[in-house]
Amino acid sequence: MNMLKGRSLVSITDYSKDEIIQILDLAEEFEKNQRQKILDQYVIASLFFEPSTRTRLSFESAVQYLGGSIIGFASADTSSVKKGESLKDTILTVSCYSDLIVMRNPMDGSARYASEVSPVPIINAGDGVNQHPTQCLLDLYSIRKTQGSLENINIVMIGDLKYGRTVHSLVQALTLFGATFHFVSPESLKMPSSVKTWIKNAGLEYHQYSDIMDVMPIADILYMTRIQGERFPDPLEYEKVKNSYILNKQMLEGSKDNMRVLHPLPRVNEINEDVDDSPKAYYFQQAKNGVYVRQALIAAILDLK
Amino acid sequence: MDKKRKELQVSALRNGTVIDHIPSDKTFQVIKILNLEASENQIYFGTALESKKFGKKGIIKISGKYFADNEIKKIALVAPSATLIEIRDYEVTKKEKVQLPEFVENIVRCFNPKCVTNIQAVKTKFRVIEDHRGIMKLACRYCEKTMGKENIEFL
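Which chain is which? The protein sequence lines are U and E, in order.
The first sequence begins at 1 in our numbering and counts up one residue at a time.
The second sequence begins at 1 in our numbering and counts up one residue at a time.
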């Protein structure tokens, strides 16, 4: 029984552990055999109310590998939103033209709302600073693939842990699998207490550091994030911390053989380019995994697998 | 305190509702959220009254008025210790402590200005939860942010 049939994906917490595993297993199948024309005659709407390169192209690539068609827009400027149409009306209209809607929208909570009004399933491709569940699924896929399992890993999260939605969702998902969490960030960008409470409630441990090297020897996964200037009310504060968490190849010496570096991308300067040649750099493969995961998700929701 | 003096403090209602055991400093807020300022019913209220349970309490008596579910939920959010007493023809017909609801719908604004409920015509929905210290919070169904009492703004 496919429990994901016809269901929207708004937040990673909408999925149980078994449902997450279902998607990851299916993604593995697509990695082995990517070109399967099961989406022939299906139309997928891709509504990007704000620009996104990776996520949009990754979804569109997933649909094309499955042989489906895509309609939609890549920014609100070219849509009826500019004329003042409500989100509800846009969704109701587009649902007349498509079997599934992939949406990115700058309003927090817009994906949940869209899923309530839409007669076709919605996949949230990012709703403001709230959720980005497909990023989380591809992170989980990448961790499982590189570590052989999602159970009981030591994950180190580095950079902007306060505002980075990907790290919050990833913590929530990994608590289902029993991880130990290590957080490395400037004082002003520490993991919020709500996320730490989540970990405590799951009976798991977290540790906080200010120096990456303190935790390098035990890391299974180094999850790097970008520190974004626009998050800081005070530009001076940003200048102070912006270069504090930069990873270079030399720093990887002494790390475990199985350790891999992940990053949701885009990177700016937080991972030095000399890391790219290391066998421990995994961020581009991680982006590639995103296509398999999105293929799996679309196939599961439309009950084609 | 003798009986006579107590009667002076809280005069009897023929029909209506008494909201008792309000934390004293929340009395005016309860009046405000129920929009009692605009009411034409007779209203009596007191603050800083002595209470065995609370030390100081507030009380509001509204003649000829019984509260709807959504109004009672509002009272519970501001004054979870309050007791609601309904009176009909001088008799107490119902007396119960307000209950914190599990959900509140369309009575509180989300404090996140970027939440879809503040931008589009979407009814707000919150789950009433407790944080790890046992403090009440409201979790927005849409933007998933949680807000404390200090951020509650009624619609």
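Hints are computed from structural coordinates only; laboratory data are not their basis.
Keep in mind that a hint or two might mislead.
[Said to hold, decoys possible] So the derived label-pair ranges between C-beta atoms look like this:
(1) E/K149 with U/R231: 24 to 30 Å
(2) U/D18 with E/K149: 35 to 41 Å
(3) E/Y44 with U/E187: 49 to 55 Å
(4) U/E19 with E/Y66: 54 to 60 Å
(5) U/P235 with E/S63: 35 to 41 Å
(6) U/D14 with E/E37: 53 to 59 Å
(7) E/E37 with U/R54: 49 to 55 Å
(8) U/K37 with E/H132: 14 to 20 Å
(9) U/K5 with E/E37: 36 to 42 Å
(10) U/E187 with E/N151: 43 to 49 Å
(11) E/I135 with U/S80: 42 to 48 Å
(12) E/K149 with U/E116: 24 to 30 Å
(13) U/N152 with E/P113: 57 to 63 Å
None of the values given here were measured: they were computed from a predicted structure.
For glycine and all other residues, C-beta sits at the position ideal for the given N, C-alpha and C.
Status of each hint after checking the structure:
The supplied range of 24 to 30 Å is met by E/K149 and U/R231, whose beta-carbon atoms lie about 27 Å from each other. Taken as a hint, the range 35 to 41 Å holds for the pair U/D18 and E/K149, whose Cβ atoms sit roughly 37 Å apart. A C-beta distance of roughly 53 Å is found between E/Y44 and U/E187, which places it inside the suggested range of 49 to 55 Å. For U/E19 and E/Y66, the Cβ-Cβ distance of about 46 Å falls outside the hinted range of 54 to 60 Å, so the restraint is violated.
For U/P235 paired with E/S63, a C-beta distance near 59 Å fails the hint of 35 to 41 Å. As the Cβ distance of U/D14 to E/E37 is approximately 43 Å, the hint placing it in 53 to 59 Å is violated. Remark: the range hint 49 to 55 Å for E/E37 to U/R54 is upheld by a beta-carbon distance near 54 Å. At roughly 50 Å, the beta carbons of U/K37 and E/H132 sit outside the given window of 14 to 20 Å.
At about 53 Å, the CB distance of U/K5 to E/E37 disagrees with the hint of 36 to 42 Å. Remark: the range hint 43 to 49 Å for U/E187 to E/N151 is contradicted by a beta-carbon distance near 24 Å. The hint said 42 to 48 Å for the Cβ distance between E/I135 and U/S80, and at roughly 43 Å that hint holds. Checked against the hint of 24 to 30 Å, the C-beta distance between E/K149 and U/E116 comes to roughly 27 Å, which is consistent with it.
Checked against the hint of 57 to 63 Å, the pair U/N152 and E/P113 fails, with Cβ atoms roughly 40 Å apart.
The structure fails hints 4, 5, 6, 8, 9, 10, 13 (numbered hints given earlier, in ascending order).
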